[in-house]
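Residue numbers (the working numbering), protein chains in the order written: chain A, 1283 to 1549; chain B, 1283 to 1549; chain C, 1283 to 1549; chain D, 1283 to 1549; chain E, 1283 to 1549; chain F, 1283 to 1549.
Source of the hints: derived by calculation from the structure; they are not laboratory data. Warning: the hint list may mix true and false statements.
Unchecked claim - Counterexamples of contact, computed for chain A against chain C with all Cβ distances above 12 Å:
#1 Ala1302
#2 Arg1347
#3 Val1348
#4 Pro1370
#5 Asn1410
#6 Gly1422
#7 Gly1452
#8 Asp1474
#9 Asp1476
#10 Pro1482
#11 Leu1520
#12 Glu1531
What the hints assert, rightly or not - Some chain E residues close to chain F (C-beta under 7 Å, calculated; not the full set):
#13 Gly1289
#14 Pro1299
#15 Tyr1300
#16 Pro1301
#17 Val1303
#18 Gln1323
#19 Pro1329
#20 Ala1331
#21 Pro1358
#22 Trp1361
#23 Thr1362
#24 Leu1377
#25 Asp1388
#26 Thr1389
#27 Leu1394
#28 Glu1396
All residues carry an ideal CB built from backbone N, CA and C; glycine is no exception.
Protein chains: 6
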Amino acid sequence: MVYDTIGASPVAWAGKPYPAVRSVAERDGSVAVVPVGSLEQHGHHLPTATDTILADAVATTAAERVADGMPILVTPPLWTGHSPHHTPFGGTVTLDGGRLLALLEDTAGSVLGEGFDGLLLLNGHGGNGALVSSATSTIGSTHRDAEILGVTYFDLGAERIGEIRESDRGGAGHAGEIETSMIAHLRPELVDMDAAEGRPWESPYDRTRDDLSHPGPLAAYADFDAFSDTGAVGNPELATAEKGERFFEVFVDEVGDVLERLHEQAG
Amino acid sequence: MVYDTIGASPVAWAGKPYPAVRSVAERDGSVAVVPVGSLEQHGHHLPTATDTILADAVATTAAERVADGMPILVTPPLWTGHSPHHTPFGGTVTLDGGRLLALLEDTAGSVLGEGFDGLLLLNGHGGNGALVSSATSTIGSTHRDAEILGVTYFDLGAERIGEIRESDRGGAGHAGEIETSMIAHLRPELVDMDAAEGRPWESPYDRTRDDLSHPGPLAAYADFDAFSDTGAVGNPELATAEKGERFFEVFVDEVGDVLERLHEQAG
Amino acid sequence: MVYDTIGASPVAWAGKPYPAVRSVAERDGSVAVVPVGSLEQHGHHLPTATDTILADAVATTAAERVADGMPILVTPPLWTGHSPHHTPFGGTVTLDGGRLLALLEDTAGSVLGEGFDGLLLLNGHGGNGALVSSATSTIGSTHRDAEILGVTYFDLGAERIGEIRESDRGGAGHAGEIETSMIAHLRPELVDMDAAEGRPWESPYDRTRDDLSHPGPLAAYADFDAFSDTGAVGNPELATAEKGERFFEVFVDEVGDVLERLHEQAG
Amino acid sequence: MVYDTIGASPVAWAGKPYPAVRSVAERDGSVAVVPVGSLEQHGHHLPTATDTILADAVATTAAERVADGMPILVTPPLWTGHSPHHTPFGGTVTLDGGRLLALLEDTAGSVLGEGFDGLLLLNGHGGNGALVSSATSTIGSTHRDAEILGVTYFDLGAERIGEIRESDRGGAGHAGEIETSMIAHLRPELVDMDAAEGRPWESPYDRTRDDLSHPGPLAAYADFDAFSDTGAVGNPELATAEKGERFFEVFVDEVGDVLERLHEQAG
Amino acid sequence: MVYDTIGASPVAWAGKPYPAVRSVAERDGSVAVVPVGSLEQHGHHLPTATDTILADAVATTAAERVADGMPILVTPPLWTGHSPHHTPFGGTVTLDGGRLLALLEDTAGSVLGEGFDGLLLLNGHGGNGALVSSATSTIGSTHRDAEILGVTYFDLGAERIGEIRESDRGGAGHAGEIETSMIAHLRPELVDMDAAEGRPWESPYDRTRDDLSHPGPLAAYADFDAFSDTGAVGNPELATAEKGERFFEVFVDEVGDVLERLHEQAG
Amino acid sequence: MVYDTIGASPVAWAGKPYPAVRSVAERDGSVAVVPVGSLEQHGHHLPTATDTILADAVATTAAERVADGMPILVTPPLWTGHSPHHTPFGGTVTLDGGRLLALLEDTAGSVLGEGFDGLLLLNGHGGNGALVSSATSTIGSTHRDAEILGVTYFDLGAERIGEIRESDRGGAGHAGEIETSMIAHLRPELVDMDAAEGRPWESPYDRTRDDLSHPGPLAAYADFDAFSDTGAVGNPELATAEKGERFFEVFVDEVGDVLERLHEQAG
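The shape of chain A in the complex, shown without the other chains (with noise of 0.2 Å):
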């Protein structure tokens, strides 16, 4: 038995001929989506490939939602991320943050030279953003005539996901009530509900990131096990999968406004 869908999406770069990829490159406004992602420790209970499997499938849905209106593919995701603060507890594979840094413009620089007008990197890894971000600066000066994007997903639509959740601030956490609810909505063969156990997040720093939510200016450096001796941080057993697929709907329908928008840039 083989366990294997890469390109299975009508929008999967991975699953089409060249000259289908081609046409769409070519046509006015063309968007490509990279994933990223990371296989990193996500508590007992979710899987290692966590942020991959939510980035991939926020990124594909998303993009199919909108793929009537613009042309528009979807590479595979970029599973190796930026992690050293989870290596304590294993199941982690971590690239330096120049090494990711260089991944991400290694990759566009070769997806903009296909002939798309416009790139987003779109993230599922905290432990990702700001290389992302930064990678979106070095791709963007490097490429002055085609139209870059980067976001971490769940920075976006947080009103929105307050009206679902039933976490207070800090539940969210990493492998908390959001990406649980999610991986059980899409993927609920993945997920060990009986080994959901989150801790609270207690930050010495009141100004850091303490909800999946809510994001906080000050960049501190902790290994996760300060935070938690099970790796989930929040509350992962208020999780189920409706509220999954309410949380990824509204990340896809934000990303959705954020490709329309960059097709229109782009075009």
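Given the coordinates of chain A, work out where chains B, C, D, E and F should sit on it, guided by the hints.
For chains B, C, D, E and F alone, kept in the frame of chain A given last:
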């Protein structure tokens, strides 16, 4: 609709929570496999992710077959290969040689840091072959207590493949009889047999590789449009899903054998 | 009083002989601050070193205020920032992203090698923000026994700033009301208020930063001449030295608070 | 008068708005000067920024003196030098050789991109000397239409310096008579003459530099604590502000002469 | 006659003044050869420069033989190879993989910049083989108007070599029958036949190279002391100068044939 | 007698089997010498490898002379120097500065890893001088238990050389009286005295090197065709083999003296 089975196999690192990854890594003689593919033109009839799909499928299936007898996991496939010679066609994402070498080294370093005793880089793209071999040497010399192997799957089992194929030497070129047959077996929805048009592999040098099953000692750079206006070389029109299954079984068997020896050595 | 002559402040590393530096570094909970600025166009009315002057002044003044309670030193400011988006105007010196990341990592590594227990990278330029955050992660993960923070000063204290400013959202853009006011307070001889002409910050994307005090989740590359023909964005004409002093005090206060917590954690 | 507040001098790039920088750059034979210093131990009596202060002061004052006759600007000083040999003492921030070389090349590339016709890298630290020369070659060969010079200021005017100094050869070592006198002249508040204790410069090799004014052909690596337990070498106790002024005038005069020839050649 | 004094051969770039180099480079179909060797242990009986001597001799002699019919020059040999697996013995200088790749690329770029139409990287060390192939790809894809080849000389002419050798498969290992015979032919004063002691090549993997004339598809890292306590593998004791001449002639002939085809293609 | 066949000298690392290299390295105060040359134009009358031949000959002969009193070996010469200023003529292979610096560091690191106590980088090309000095510092600071020196041989013995030469200052320029005489002595078959035409060394700067024996403090980049249409500078026509022998003896003697002191220090 979301198309995505990252982590679906029982040997997939991606689908497991970290305690499960760690428990495999810690067993004696544990083995990790990193599939290495590409995203590049494969003629008018095969998807751009052909090499990634095949490397992933061979690696995963081989690992599943031997998993009873050894602790083993497979990471997601690296799909950013080295394919400058395919860029004249389109549909191609490529890293330069030094960057891919570094990506392989960094990924391997992180995998081995988890405690695996053995590592196999399983490559599915000819253009990556030398870099995977080079990486094997660098990784091996900087992780001397682990056992490191690298191989391009279609360099294995040449004799058994020869008994199955119908084309003459040269017919199993890039996107030719072998690759097309295997995609027809594994992912039939991604093949367009009506568009399968190969061209004969005519090289000015008689010492270069001239068939997937016939490597040669001479490395000669050539943009691929020098060989074929369709991007395919050899006889894809001879491909069948039935032969694809047989080719696939040979490669899975050969890689399984390599994995068993790797496990013994790593123990 | 603001000290920006090299080594003039009582907390300046630069002005002390080495035994004095070492004796600070060796005390429990010792903290080093590295200001990070830029040399780039700031409209017709502000000096190119605006970001460097402000990062240096905020860092140094904040450190002086807390120096009674903790061992602390401030290095000279790094003035080679990442500003490719400002090069269309002139007056700009810029490093690419990977180089600035490496410079921050190397500088921090050397500073920490002196024995400091905590480090704050205090940034004063928006274009450096993501790189400073990225550097915080790399530095933190390679110096796990030290406490590492990174922040862009104007991302702090948004509410208090809002009570002082007169412009609407967007008025405190690049070289706008806030920066102009603070330079008018700290270095009045370097401001030419007659030449202060900002342009409204009009972005096609509603999720990007649109004011010094309003960051957004979306990174979008754009050469700055797309926003303003003068190089300034917002309402610099509303700037006054009196407001500049009040803005400055807010930022100094916020950074001082971060330093105190850093000292506690590093102890 | 020496200006070392950021941007205070009339020739300081840092203190000017971009239109003023550009208008200098665009004039015929325009020249930019980049001072290169260090942050490193200079005995018990001199500040760690000694080399940066002196390179900046010599560059700025020389440029001011010739500014009537040529378009010229001085950037802020680079203070992250190459000082591994001083790390045993403390107080030192150092970049490795390749990194400093790259920083010099990148900074110069950006400066020249503004349109300057000539560039002088003016170095104030012995440990940077070879790297500044190396950078001159790389920069020159990649910007063949500009005129590129590099020099360590104290390698100029040896004969005239010899007429002023009181110490014998060796007395003007690191933090010795010359550097101490000039800091006493320029920044008297930063010198502690009571703590000025040099040690004789005794090298096992008679072909190495053995005085600021006596370079030698042989490069020999030695940690500086092999020469001096105080970190200072030579006769700092002979230093006076009066001699400092005379030393400084010689160097300013020599550098001014270099700048005038550079302007002629760059025109 | 073999010329291995620097510049002594009539086809040696090194021995010619630049006008003579340029005049060769400018002719139609001009070819440059860069020999690539190593400095590494070759048992108790062969010199550490064995691979460099042999690559240089094969390249130079082959080029001399074809020089009547084509414009051709040979650079001095690069002797800094990739040999981490030999370091346990001593006598070895090695570059890591990325550095050697870069050195090959840079050297080739400079050679091609002189105007040569074709380039052959002629390798004499197994540990360099994959890197030379990788470099061929990178060089080729960045110099698309030149013809680029790479080969390890002993991968050529396997059948003809088989008719000469006396040892069984495995007997022509590292410092075995073939290399020893050729050094005995070319530089007899550097061989100590009394010290020639090989060990059988016993690999746990049956798909790796197990003889100079029998490459395999599997790359497996192993420190060489796992194979042999003397550093030599196979049957060096069977070596004779007479066979060495015959081996050498086969390789020279094969490489000469490659050069002729390269010239035709490059024209 | 000068040995420049690979491995021919009794002090040549290249010609020895590894046990002999190791036994030298392990003796107390052992010294390794790495000659560093170039492959670049040297006028119409000297071979492109002039600097490599001379650095190798000086290093090897000096080492042979002192080998009775100390354990010493010489590696083959590195011939890929830094010569961008000579590329306008042809015949030149050049590495950029950072690459050569890295090659020197890596080579030295590997040499020192064999157990040598001291290292001399002996340079024969002006364009490499600063990079060799830079490398000395980096190597020294990362191998603090070894003794590291770097020198350009013609910077030694200026006074004694002055007594031999007939040309005035400037006559011993690039490919001038000194280099031509020494090649005429060591490799007479490679000199074409009829083609020896130098041009006067006229620099707009009076502080740069203006003769092989007269270095200057100022680094000024200039393509070499600004100095000479033949590529040679000075008075090669005054060269004789007899003077060449005398020049050579001075340099060998000076380097021998450096080696003896190095051995004492390294012991």
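Against the structure, the hints come out as follows:
| no. | hint | verdict |
| --- | --- | --- |
| 1 | Ala1302 | holds, 28 Å |
| 2 | Arg1347 | holds, 18 Å |
| 3 | Val1348 | holds, 16 Å |
| 4 | Pro1370 | violated, 9 Å |
| 5 | Asn1410 | violated, 9 Å |
| 6 | Gly1422 | violated, 2 Å |
| 7 | Gly1452 | holds, 18 Å |
| 8 | Asp1474 | holds, 29 Å |
| 9 | Asp1476 | holds, 32 Å |
| 10 | Pro1482 | holds, 18 Å |
| 11 | Leu1520 | holds, 24 Å |
| 12 | Glu1531 | holds, 18 Å |
| 13 | Gly1289 | holds, 5 Å |
| 14 | Pro1299 | holds, 5 Å |
| 15 | Tyr1300 | holds, 3 Å |
| 16 | Pro1301 | holds, 6 Å |
| 17 | Val1303 | holds, 4 Å |
| 18 | Gln1323 | holds, 4 Å |
| 19 | Pro1329 | holds, 5 Å |
| 20 | Ala1331 | holds, 3 Å |
| 21 | Pro1358 | holds, 5 Å |
| 22 | Trp1361 | holds, 5 Å |
| 23 | Thr1362 | holds, 6 Å |
| 24 | Leu1377 | holds, 5 Å |
| 25 | Asp1388 | holds, 5 Å |
| 26 | Thr1389 | holds, 6 Å |
| 27 | Leu1394 | violated, 10 Å |
| 28 | Glu1396 | holds, 6 Å |
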